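Protein chains in written order, with this note's numbering: chain A, 75 to 1061; chain B, 4 to 497.
Don't read these hints as lab results, they were simulated from the structure.
Note that the structure is a prediction, hence the values are computed from the model and not measured.
Where is the CB? At the ideal position from N, CA and C, for every residue including glycine.
No false leads were mixed into what you were given.
Computed from the model, here is a short list of chain A residues facing chain B with C-beta under 7 Å:
no., residue
1, Asp456
2, Gln727
3, Thr795
Just a sample of chain A residues kept apart from chain B, beta carbon distances all over 10 Å, derived:
no., residue
4, Leu119
5, Leu150
6, Thr152
7, Ser180
8, Asn215
9, Gln281
10, Glu317
11, Thr328
12, Thr347
13, Leu490
14, Ala506
15, Asp578
16, Leu634
17, Phe916
18, Tyr922
19, Thr962
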Amino acid sequence: TTTGAITNFDGIYEIQATDGDILVFSFIGYFTKEITYKGETQLNLTLEEDTNQLDEIVLIGYGSVKQSDVTGSISLITDKDFNKGNMVSSDQLINGKVAGVRITPSGGQTDAAPNIRIRGGASLTGNNNPLIVIDGVPLSNINPAGVSNPLSLVNPNDVESFSILKDASATAIYGSRASNGVIIINTKKGTSGETQFNFSTNISVNQASEGLDMMDSDAYVRFIQEYHPDYVKNLGVPVGSVETNEPVTQIISTSVGDRAIYDTDWRDNVLRTAFSSNTNFSARAYLFDALPFRASIGYTNAEGVVIGDDYERVTGSINLSPKFFDDKLKVTANAKLTYADKNSVDSGGALGGSLVFDPTKPVYNNATDNRFGGYYFNTNVDGNYLRIDGQYNPLALLEQRERPETTTRFLGNLELDYSFDFLPGLRAVVNAGLDASKSKIVENYFDNAASTYRFNGSDNNINTNYVFNPGVNYSENQALTNTTLDAFLQYTKSYEDKFVSKLDAQIGYSYQNFKNDGNQDRYLYNDDTGLRYEVYNESNPNNRYYNVMNLQSFFGRANLDLLNKYLFTVSFRADGSSLFVDDDPWDPNAWGFFPAAAFAWKITSEKFMENANFVNDLKLRIGWGETGQQDISGAVGYYPTTPLFTAGGNNSQYLPGAGLYSALPFNPYLTWEKTTTLNLGVDFSFFKQNFVSGSFDIYKRETQDLLARVNVPPGQGFSDTFVKNVGAIDGKGFELNLILNPIQTDAISVSVNGNLTYIYNEVTNIGGQSDINRSGSLRGTGAFLQRDVVGQQAQSAYVFKQVYDTNGNPVAGAFADLNGDNIITDEDRYFAQIAPNWNYGFGLDINYKNWDLSSGFIGQVGGNLYNFNKLNYGFTETVVPNNTNSITNALDFYSGAANPAFENVNGNIQFSDYYLEDATFLRCNNIVLGYTFYDMIKDGNVRFYGAVSNPFTITNYSGMDPQNFGGIDRDFYPIPTTITMGVNFDF
Amino acid sequence: NDLDTEPKVQLSLEEILANDPNAIEGIVSRLYASFALSGPNGPTESDISDDAGESPFLRGIINLQDFTADGMKNRWGDDGLDQLTTTSNWDANNKFFRYLYNRAYYTIPQCNNLLSILNTATDIPDSEEAIYEARFLRSLAYFYIIDIFGKGVLVTEENLNETTPLPEASREELFNFVESELLEIQPLISLNNDYGRANRYVVSMLLAKLYMNAEVYTGTSRYTDALTYLNVVIDEGGYALATNFVQNFSGDNDNSSEIIFPLIADAVFSQSFGNTTYIVNGNLGTETMNLSDFGASEGWSGHRATEAWYGLFGDLGTSVDARASLFWTTGHNYVMADYKAWTDGYPSIKFRNTDSDGSSSGATQFSGTDFPLYRLADANLMYAECALQGAAGTDMTKALSLVNAVRTRSNATPITMSDLTLDYILDERARELNLEGHRRTDLIRFGKFTGSSYLWPWKGNVQNGTSISTNYNLFPIPESALNANPNLEQNPGY
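Just chain A, same shape as in the assembly:
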């Protein structure tokens, strides 16, 4: 190149050229393009964005580095990589996009909690959620009351990027809460360029897929006649006793008279086609030519597929980043305000109820003597009382109650970054954050709500002695106040052409305080009058709860860059946690020390690589570090090391005249759980236009002093189980991220991204016990499916091997005698893994002229899932009433959905591997098709798109949904298939 030219702000350029000259167009952040000049007078082109931009800034905790200088295992996901379509909460943006990060939705609720695990989680009883940091403010592990998904309170449209810190060398700077990885969310900032506006809106239609194969009315009548003839008299309703428009399908005669049989699909009755909409407006500007500014507002209205599951959210955000004193003081201020209003329906109760409610019963009963607001209820006469007998009508459960849960949350931070004059390169940074929310829950029953149906004991007339109690049945107010403060000094110096090319060191202090303060109004019913009254407890008059956790840390880090090729990082952090403090804050148990070191070699910068033009980038990384875990508050509260008493509640008193006090369990010896990780990684980019790029990491991880809930030796504690530091887990795995750009031309670009994760976590020590940390409750308390034992993968299922007859039918209660001692005992059980070892995600993006098509898929290979519904609704006696007169539905024994070999599931039947199924699956998360008009509006573009989320899942798993977090598939809120249409204006 001998000549050059620069475009003006509108992209207009002029250059002298002759035929055959090669014009090279380049721009930071875009692929360079070469075109041979053929005498055109005007040559227009568009540069393609470079999806593997080494100069992108990666947030690493108390600072940032260029991606090319990263030494740890860190994934950066920016807005161009995000999932597209109907994104309601921020976690949906990255689901399936990052190797080593598994996001499992807990269901299809409007506010479903995502279970996010980075490298599978390093703890057992401790909190396994990664640390989430938004604009420098670390979030609490506690969600506001009524909020299931903390990331639903951040508008996805405000998110600019995610930095995902996976290995310890990267996370150790966050020390205390970092052993499960860190997700740093950076929101969009102001600009120093032209004012830009964005307006986007979409609407969605959601539909649940098919449910379990329960018996319909005909099959059910046949089943009861065949298997439980004594209960034929309970089918349907007495002829003429119910007034409804629903058709009677048959009339059967029974010992108690003729019965009218209806055909009700209860699931259909509690589900609906749900509509959602999402509208956002944002502006970026450079106010007064001095003040970078961004503001946004958003409104979301989402319906769940279960009737009444309604969610509304308004978000607003402002970002200001001015500079003062000749740019020596940089100030960044972020404020986000969110208001969410959710009607929390009893979806579990309604979905569970819709499975088992007798299908021969009608939904409605408008007979004049029906007391329950027109809904059918099974009743019987007990002396002077007309009692509800059996299950509540699941539709009434949804429609006779409302439970608005409203949350207002402020999340903001103010960062001051001052560069000193006396020593160039020295900065002082102070970042103060506040995450405060107020929540209110009010549970309210409507007139004639069956749940509030009670009797007046002083009235003996069956026709008048009942009361309903509409109105407030429960309420809760909660305030979360989380304050954080970081302060650090940082010294950075670069040297030209010296052995040391860059030095960077910092020391700092961090303070995090999480306070959860609230109270509940609880109500009970007076047994004599049937009226509801508010419970007053003298020992705790307004049912207050008050939980506070405090963390304080000192940290330091140094980065050294030698010859622009060899990068060294060392860091150290000391963390104190209030959970381990009884009364001495300097108690050695309370403090954890977390060192880390990493080295990276930029191979492409070596001389010998100069001629290897096909290598754009090649970097080798090695990192080692320790991180800690202390959050066991979910298991044992906030004061687990302190001997305390709790005062007894109103209805738990005993001797008259003395308020009851009960000693609470505690463990004075609790201390930090520590995870050590060794990580080896390589980042690469090969061939023109980054034809192949990506990264590969392999790691080994060991967690020691595991905090786990264990059985207390009998009599040696104030409860039968408590948390203790016990045992160890070894983890290993690898992650591959790969991006292919096979076609990059003017008209068409094709990009394929994919990731593959292998994780294997094995328990290596459990402190001499035979097993620890039992979990996965089946039928009945203490019937745990999963446990941790030495030599097995964490949380493996402990099961018997089912024996089948020659026709392939299971023999109920018959198990293989694995140890050959001719009796079946626990010794014959074996361990089967639950969590999959292999997860993957991939996507295809195609741009053709103005069209864009993107798609995302996720899946797992292996892993087992316990089909609890097959157990719970799959034995013939399940339909027989326990202490009522009403009968319940079951899986269809005639269609093969359940096997009539199972009469009951007593004893060890529930531990049979018959119920454990391979959970391998491939799910299409989304497919989005868009078309952009570049000239439809002045100075801007318009994009229209249509998207479908969750259109199909391929699996052999026979239950509700193979994508499951806990390993047991129960009454699952179905994840709907969603079709979205939207438009996006940039101007």
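Assemble chain B onto chain A, guided by the hints.
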């Protein structure tokens, strides 16, 4: 320093002692409550990891002592309970065995904690009585470990803070500990304490129970010692048989002159799914009965007596024995052909939530009837048994009159000296005391629980009963306990 966070709802010992002059009594209250309630936070929350509804101590006593025996069966078919009611397929994973074990070993350290507090604190006035009560309640919890599981660990205030698993304590060691504790406090504890609390006669009664079964527990019979303490109860306690038998099991039984030691229940302030609520509601079912007639608003259609109990009264329709009228026969079959069918067998209406005159202030979900763990009629029959076992210093005439006092109170015909045999005592104990948590212990003491010398409906999971193995004289040690303490060994046969 902010790292030393301070709770505001939970309280330290210093705070409760400073704020509440009755704080020690409040802790003692909790120790008593441990036998009836699931925990301090209402009937749906539990202070151990087990189910709040199923796991309370008294419910465990009824499940393990009565449903495993001849007189009562449960029909729910619940996993674990079903094996218990049919005395078959017992194993260490059965949660119902664990419930009682966990409750006992929850109560014991709570007692130890109070003892440790009272031993070290110097400024707590009148703490002696609380110490005696805590030691009694700890002994009572150990009694069930001895009787039901046969061994355990010995935890006292001395090794309260020990975290390494303790060695196994044999049945005899636990027996000796409980015996020495009770002997020590018996002369010291007050003669009169408030209703529902331990006094000298309550302690004497537990000593007598321990000695009555000493041959089973230690191999050495101690009927003479049992008699010593029964005499204290009968002659010095001032208790008198209630004139109306059913008053002992009614809402107003706190006025009964007969009850020595009750487990208190209240429909409002002391609610539990595991106190008498379990017995009252469990025996009621809307299919055949009116719940409100018994002061209950819930009927669980769970329990029915068997002919092994009501068969002891002859023809129920013509029997003059008041106790024979306490079975609900309408709509029910005499023979329990299917223990899972509600209408097979007669529900027991001995326990009810109405007052003894049948009146009720309204049907309630929770029972307000106290459970008579020890009452005078039991002491009378124990005396007669000791006499028949040849205990030194017994008086057969007194034995006969004590038995006849129990019978004639219920209008049953008195017996003569020649009728008074050990077998008769066992039957009379069934007529008088079934569903009061003693039956399995009694059958074992008489050698009739395992084997085939005595069969009852559904023994060994067969309608007419079949022999069961002798290892069923003890329950298996729960698997969770073996897991937590490797020093514990499983009982033989499991």
